[in-house]
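Here are the chains, one letter per residue:
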Amino acid sequence: MLSTLKNRLEQGCKTSKYPKEKIELSPRYRGVPKIHKDVPAELVAKCADACPQNAIDAERKLIDMGRCVFCGTCERISKGRFVSFTRNFELAVSEKDHLMTDGTLPDLARHSRQHFKKLFGRSLQLRQVSAAGCNACEADLNVLATPFFDLARFGINFVASPRHADGIVVTGPISRNMKQALFDTLEAVPAPKVVIAVGSCTLSGGPFSGSPEITEGLDALMDVDLFIPGCPPHPMTNLHALLTFFK
Amino acid sequence: METSFCEIINGSAVAREKIPHLSFDDFRKEALKIVESGGKVVQFFGYTEGKTDKLLAVLRTDKLLVAGCDAPEVYPSLSKQCEPFHMFEREIAEQCGIRPEGHPWLKMVRYHPNYRGKKDVFGNDYAKEIPGNYDYYSVEGEEVHEVAVGPVHAGVIEPGHFRFNCIGERVFHLEIQLGYQHRGIEPLLLKAEPKRLSVIADSIAGDTTVGHGVSMSQAVEALTGKSPDAGARIIRVIGLELERIANHIGDLGALSGDVAFLPPANYFGRIRGDFLNMTLLICGNRLGKGFVRPGGVRFTIDSEISRILMERINELEPQIEHVLDLLLLAPSVLARFEGCGAVSNHDAEKLGLVGPAGRACGLPYDARRCFPTEHYGKFDFPETAKPTGDVYARAKVRAEEVMQSIGIIKSLLAEPIETQCVDFANPDRSSVWAPSSFVVTVNEAWRGEVSHCVITDETGKIVRYKIKDPSFHNWNGLAMSLRDTGISDFPLNNKSFNLSYCGFDL
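Going down the list, the protein sequences come from chains A and B.
So for the first sequence, our numbering puts the first residue at 1; every next one is plus one.
So for the second sequence, our numbering puts the first residue at 1; every next one is plus one.
I should point out that these hints are in silico values taken from the structure, not numbers from a laboratory.
All C-beta atoms in this analysis are idealised placements derived from N, C-alpha and C, irrespective of residue type, glycine included.
All clues stand as given, with none of them false.
Chain A stretches covered by chain B per the calculated footprint, using a threshold of three residues with CB under 8 Å from any CB of chain B:
{"hint": "1", "region": "21 to 28"}
{"hint": "2", "region": "132 to 139"}
Here are some of the chain A residues that sit facing chain B, going by a computed Cβ distance under 8 Å:
{"hint": "3", "residue": "7"}
{"hint": "4", "residue": "53"}
{"hint": "5", "residue": "69"}
{"hint": "6", "residue": "143"}
{"hint": "7", "residue": "147"}
{"hint": "8", "residue": "160"}
{"hint": "9", "residue": "173"}
{"hint": "10", "residue": "181"}
{"hint": "11", "residue": "207"}
{"hint": "12", "residue": "208"}
{"hint": "13", "residue": "210"}
{"hint": "14", "residue": "212"}
{"hint": "15", "residue": "214"}
{"hint": "16", "residue": "232"}
{"hint": "17", "residue": "234"}
DSS-like, lysine-lysine: derived pairs with alpha carbons at most 27 Å apart:
{"hint": "18", "chain 1": "B", "residue 1": "107", "chain 2": "B", "residue 2": "119"}
{"hint": "19", "chain 1": "B", "residue 1": "191", "chain 2": "A", "residue 2": "46"}
{"hint": "20", "chain 1": "B", "residue 1": "33", "chain 2": "B", "residue 2": "18"}
{"hint": "21", "chain 1": "B", "residue 1": "29", "chain 2": "B", "residue 2": "107"}
{"hint": "22", "chain 1": "A", "residue 1": "179", "chain 2": "B", "residue 2": "107"}
{"hint": "23", "chain 1": "B", "residue 1": "461", "chain 2": "A", "residue 2": "46"}
{"hint": "24", "chain 1": "B", "residue 1": "195", "chain 2": "A", "residue 2": "46"}
{"hint": "25", "chain 1": "A", "residue 1": "79", "chain 2": "B", "residue 2": "195"}
{"hint": "26", "chain 1": "B", "residue 1": "378", "chain 2": "B", "residue 2": "226"}
{"hint": "27", "chain 1": "B", "residue 1": "195", "chain 2": "A", "residue 2": "37"}
{"hint": "28", "chain 1": "B", "residue 1": "191", "chain 2": "A", "residue 2": "179"}
{"hint": "29", "chain 1": "A", "residue 1": "46", "chain 2": "A", "residue 2": "34"}
{"hint": "30", "chain 1": "B", "residue 1": "195", "chain 2": "A", "residue 2": "34"}
{"hint": "31", "chain 1": "A", "residue 1": "118", "chain 2": "A", "residue 2": "193"}
{"hint": "32", "chain 1": "A", "residue 1": "61", "chain 2": "B", "residue 2": "195"}
{"hint": "33", "chain 1": "B", "residue 1": "118", "chain 2": "A", "residue 2": "179"}
{"hint": "34", "chain 1": "B", "residue 1": "378", "chain 2": "B", "residue 2": "63"}
{"hint": "35", "chain 1": "B", "residue 1": "226", "chain 2": "A", "residue 2": "79"}
{"hint": "36", "chain 1": "B", "residue 1": "128", "chain 2": "A", "residue 2": "179"}
{"hint": "37", "chain 1": "B", "residue 1": "410", "chain 2": "A", "residue 2": "14"}
Looking at chain B on its own, in the form it has when it is part of the complex (with noise of 0.2 Å):
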């Protein structure tokens, strides 16, 4: 397909010059043309240089592309005759307030006024407690009501609010509202001291520890002009893979016990708990944090520790397939997971759906194959795509997923690994940026396609951090799931996407 879009290649920096910089019309023209022949929206934002206010746009087809305009003040809603950029232009009115005509459901993302001291697209004052504050929709008539659940949830799981729209046990539509963990990440990384980055790179969703450390360091290289040596792409990927483990492991777990089935939950909540001290043993921490800095990684896997994950994994293995068929093979299991929450694939496909998620509704894309970064390329990712779009299929995919990610431990385990530890709190302030210049790092995290975009001025300051979560493509993939589906299948749903409010709100 011709395109005035250009490619670009993951995790490497461009001279922001060598980015098309098109009239907005052609910008739009173009952009609607990639997505509605099947592309995906990677990153779609706004930023302020000076005094004029752009947007940028990356977008995947079997390629990552790329462009960019001057951002008009009010501009003809995409999402009006292509959904997959809904969410992308709520941001946008929210963080720069710019207005989509015409955009079909044009509501705050994460409640925050705009960084450029603009008129809030939404009308919101946000001196007062504003969220909430919101006319959610709204069903009336004979056994029709309403249910509000949240922010604040009945079990240890973060903020949000969900208001269901139900007829009787039957919900008609399930509307999400987050933004309850907005922390203001974005426009910190600009102002925080460099030494900070990684360390708040770490906690943007500390499930993902090691997906958005990656995901920054590798950011930070292409602009720094570090590069990891061989081994410390080993042990990423070690990293990410354990990462991917444990929480599908622990989703399987719950899974499990949202459906009554009280063993598999109980086992597969201890054999979680093994796979995070493994993590522990490499670097010190459950969650991964503190593991990647820009360089490398801050700790070896030396042939002790190797011995011993290699023998922790080796016991349980067996272990863990045992549990799953266990879990999958139950007919009483099956009788409420198949079928469960279904959301089909040509609904997938307009959400955006990314990850186990996407992967459970037919959609095959998987980050680790399509654009490999660290280790990734020297392995053969079979797809694990499932037709069904149902509960059963986010379970049989990220089960598949779990032993595919043994498998690959386990050969990266078997050679000698050797790296040169980063040992400072990278980056460090001798470090000098490419100046005028822009990368886009993509990385298949546990929940999906991870993105960070940084673009850097003419001294090499950064003028806009971008981050995306998994999540912000998914969220609407539950909401969907929920359609005609009883309320009390919503805990079940909710467990088999397992989304991040915090990688979403930022």
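Isolated chain A, as found in the complex (with noise of 0.2 Å):
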């Protein structure tokens, strides 16, 4: 007892105050993505030559959120003058276009659908369903009960059934193996219901991207109304998202 007591002050709080106070996050961290037009097409095509997941549309000088795994060797070889990562941490979109960006993002919540935000603003419940993720999203979504996040102090849960759920939130690239349990938990959730995409593999299949096993993007086969990018998006890209878009 006494023990449990003494850790207990060693411990303190450690909840953050987020959304009242801002979070920085570390210098390395790479955020949204900032593209500077004015620079050379060469120096362009020289990014998107190099880019690992081609996210980059040279023509159009822009960089696809959906694709990308925020690795930065673009912000490396154009040394910041074409592409430069900011330390943003708030990705999300409501539309897929939207992830298409040269680094200015629509508001996320003028452009979230008003009947969630009366359905769901005070008790979001989420399923989650993990497809053929590496595991990273989904770390990083269950770090969202730590002390730290606290999701549940917003009246934001998951659960253990679709049927309790208001929606499910999909993490992976959707295997041929996980296509039929993914449209199972769909149709047991009640409508009406939420489709979120998290991560870079259920955008765009990822680094996974070619593979016959897989699904190029969930919105192939179901409507997503919120798309949270990164590999895997950071647990403040998360809470930010699910905040700005039904609270």
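Relying on the hints, combine the two individually framed chains into one complex.
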């Protein structure tokens, strides 16, 4: 008993004050990419060529956050002249087209479906479906339950049964072997329901793009309401997306 | 022991002509001889080159041994008389359509058509929805029942199907069927552009990003003749150890949660995050994606970052010690951990368990000590093996490894680290890959032995990329631990192993 109390004192309170207080991520974190259009086409082509995810549209000078794994190769090659990654973790968008960006993202709060806010603003129960992800997205969703983020204080929870859920959160590139289970889970959620796609794999196939075993984007299978880019998205990216879209 | 297998050095490329090419009968006889006298299977797989199909095995004793042979369409199973080949033979049957005659338990591994377009060994038609289409072991009788769980589980976890055969609350047998996470990584690596290789390796298993990243980088380095500088080797070790600490701490917290002791669950949940944030501090990604690349690392640890890391670790170290005591000295926790889900040393040997799961059953093997790579040769690793094989042993091994890893990182941060960072998404296209070569890499990631094998053809093109995650060995350990255990102890045992679905499914 005594050691429980001693530990309790040593640990203190670690829950963050977000969103009331801002959070700064460490300097090397790569968030929203900023495109600087005023650069020679040659440099843009070089970045596009080196991008392991082929996420750069050299002609339109845009970056596809759905494909991007935020490795920062383009930033290094162009020494930040074409692409520079900001520390802004607010990456989520509500339309697939918005993933193709020059760094100015539409205000997520304004684009969220207003009836969702009314329905789920005070209580949102989500069922997570891991569909062939590498467990990184899953891990960084799971931490939202730890004391620092404490998702439950906002009335948002991950629940065990799709029957008790208001929507699903999908991670992974939806393998051939998981497709049916994903559809079954979605069907078990009572309408109206929300579909949230988390991570590069779910948005575009990510690193596994080109494999016949996977799906290149969840939106090819079902309507997606919220797209959260990243490989994996930082927990703050997920938290910001859920709070902004639903609260 | 005299053997016609030849010794190979971890992470060094050899010309393929140097690898003994035996007749199948000799190959079988020699492989059985080595493993029956205590050797272990590191890799055993099939591949096709041109029109010929071949088998290749990497075994370990105190050395790494390799040999190959032409693959017959049907062959007498090795598992029939020597269990450690069991999973590998099933994988070969699935990937190559080669049947091991007399295999004691020939079932699919991941549900996919074989690479050679041959008739499916399991009689599946993959145009249909196939997962779960399999006759599980079944039990019948009074008070006897079955529980089917998954692929979609109750938590935020990966998919897999678990079939419990029970009498009342006791588990007779647990059958685990995976494959839901199968992304076709091995064939994808053959057709992907070179610039994509490392990004794919980073996503084999996201909680073992550095482990697989390092294993691929070493293989590519051996084949392209690039070699990381001393600083990069040190930074890789720091990356691997941070990964180990974060995962072990997270699992110890989860174990605590599963016996309803919530304070350590929450403290460790938070502390795990602190270690992930250290990886974020170094490379900008909590899981270490984009950290390691062939030729070195993409991020240096300068004096400022080194100072912050040291500060954070020094602050956390006593907290971790205290929470570990809180957890592992509590009588109510011990009552649940001790004797729960024991796997015998004998079974662990036969299943070929690796990593902490193996060490908890008294198998001392640790690749960092036995086949050191990077900077590991400079350290002494005291053996952490425990004899009891239960949840307590698995928790204790991990607790000791956390403290050991903290010691390693602190000693490495004590000196300034200098490295020339790798800038590009290597390997770039200008690299020349050694033709007709073979390389195997073996590293101790947090779950145990990770191994990558690469074979190139006469033009230097990859003809086979074989990946083995430690979970490939250990899932059967979890199944064994459940025998004659209460079904309600499944979560606890599952957490004590915390195996990778995606690392297994590839």
